[in-house]
Amino acid sequence: MILNALSITMIFLGVLSVLLTIWGGTSSLILYRKWKRPSRPEEKTSLEDRSYLILLIMVIVLLVRLINWPLFYITLQSFILDIEGAMCIFGVTQVKPGLTRFLEFLKPITFFLIGGWFILHILDRATKTSPLMRRKLFLLSIISLLVLIDSLGDIFLILGIAPESLVSCCTTITDILNRPTRTTPEAFFGPEYAHPLQVLFFITHLALIGIIGITLKSKTLEITFLRRRPILGLLFLFAILNAFIFLLSQIEVFAPRMMHLPFHHCLYCLWQYVPDSIAMYLFFILGTFSVGWGFTTDLFGKIGEASDLLSNYLRKIYWFAFFFLLASLILLIIHLLLD
Amino acid sequence: MPPNKRWITLFIIFVIISLVLGCQEERKSIESRCDYDGVKIEPIYAVYFTLQDGTEKKFCSIACASMSFSALKKQIREVRVVDEPSGNKINASEAFFVESDIVTVPHVKNRIHVFAKKEDALKHIQKFKGNWVENPFLS
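Chains as they are written, first to last, in my numbering: chain A, 1 to 339; chain B, 1 to 139.
Don't read these hints as lab results, they were simulated from the structure. Take the hints with a grain of salt, since some may be wrong.
[Unchecked claim] What the simulated footprint calls covered on chain A by chain B, stretch by stretch (three residues with Cβ under 8 Å from a Cβ of chain B suffice, anywhere in the stretch; the number is not a length):
1) 170–181
2) 242–256
[Said to hold, decoys possible] Calculated cross-link-like contacts (lysine to aspartate or glutamate; reagent style EDC-like; alpha-carbon spacing at most 16 Å):
3) 109/B - 339/A
4) 73/B - 42/B
5) 109/B - 48/A
6) 96/A - 84/A
7) 96/A - 48/A
8) 40/B - 84/A
9) 118/B - 78/B
10) 128/A - 276/A
11) 36/A - 48/A
The C-beta atom is built at its ideal place from N, Cα and C for all residues, glycine as well.
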């Protein structure tokens, strides 16, 4: 284990999350099962009191897990000097490649689900009768399971990264000629794929921003949910497609250009050499996730009193999406113009 | 202008100024780094390409330089490498290249060593189970 303030923080938060999610997840599942059963008023009051306690503690745990995603990368970054051969986070990920890859895949999913749950929670708190409580508890028990796996993974990873490990870094892997990020666009656009890929990114990104803008300006968010849901679902799918193109174009075109290293395609190096690109990524992730959160809020939030508030909340979520996606695009353009 | 809009405008101006300053700083910091992957160069393992237009490209290792070589081949006028025992820059065509168990630049696991004198290269081969390799910068 590499001992520093960040690794200790990661382990502390991991242990805390494990303990609290085991308790919170189990309790929310029990409460979920009890919630609908007819009960006496005093039993109902006791259930409500317990649910408030669980929600209060789990809200704190989930907030910690939201922060955990960036903290995970900051901690890996702090290990670079202790791993021989590591020049960026990629090198550190090569010490325990399987576990690190799994966590890198799990963390955005957990982040997305926690964010979506928080929006439902905020929507439910705005009502007087808490119509979303049962759904919230059920979703909380599922999220708890993911948080538990994520936290255990963090603990095992941090404990398992031994100092003085010898690894190869990104140059020997991300820059090879048959890397998938090169062969995929090459299959569509041929050997001169860089320019078409760049144009495709701008088209899809602008189209996504434009469609969100039209959705906000038109009455799409006020129409009946049966007509609205497919539109929001398609928008979410389009946002996922855009994220895929964003990733490809970043690795193949924009990252090398921003780093002034035309043959190097490592995004971890980009964050290291061009730190303000992290803000661009943050905006992009929040924008894309907001589109998804709009869809999940519509999917789970349409019940009782919450239905009346839904369109107003959806409007706010899509404004966020619009703002963040536009901000990430502006940051990218400023960078390309200044370089 | 309403106070909210004023704050947003100030925030945007602040972001743009930070980006401009940040980009200039990045450009400065990247000047002393490898032109392939941006790593800080250890002068004893460096490789230098002089291009037809007189500009110079520098690399942290033979590995990074040889990966760039194929793409830059047509523009390269001269390749210079560093003799490990003395630290002197020599033309790649006059150098002896040896591959051994010793890793020079760990992040690319570079095992190719450069020598100006044949006897130094032979000593290294005997000491570290090395073998001769061809000049990687032959066009």
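Against the structure, the hints:
| no. | hint | in the structure |
| --- | --- | --- |
| 1 | 170–181 | holds (count 4) |
| 2 | 242–256 | violated (count 0) |
| 3 | 109/B - 339/A | 31 Å, violated |
| 4 | 73/B - 42/B | 24 Å, violated |
| 5 | 109/B - 48/A | 61 Å, violated |
| 6 | 96/A - 84/A | 14 Å, holds |
| 7 | 96/A - 48/A | 44 Å, violated |
| 8 | 40/B - 84/A | 14 Å, holds |
| 9 | 118/B - 78/B | 22 Å, violated |
| 10 | 128/A - 276/A | 43 Å, violated |
| 11 | 36/A - 48/A | 12 Å, holds |
Hint violations for this structure: numbers 2, 3, 4, 5, 7, 9 and 10, all remaining hints satisfied.
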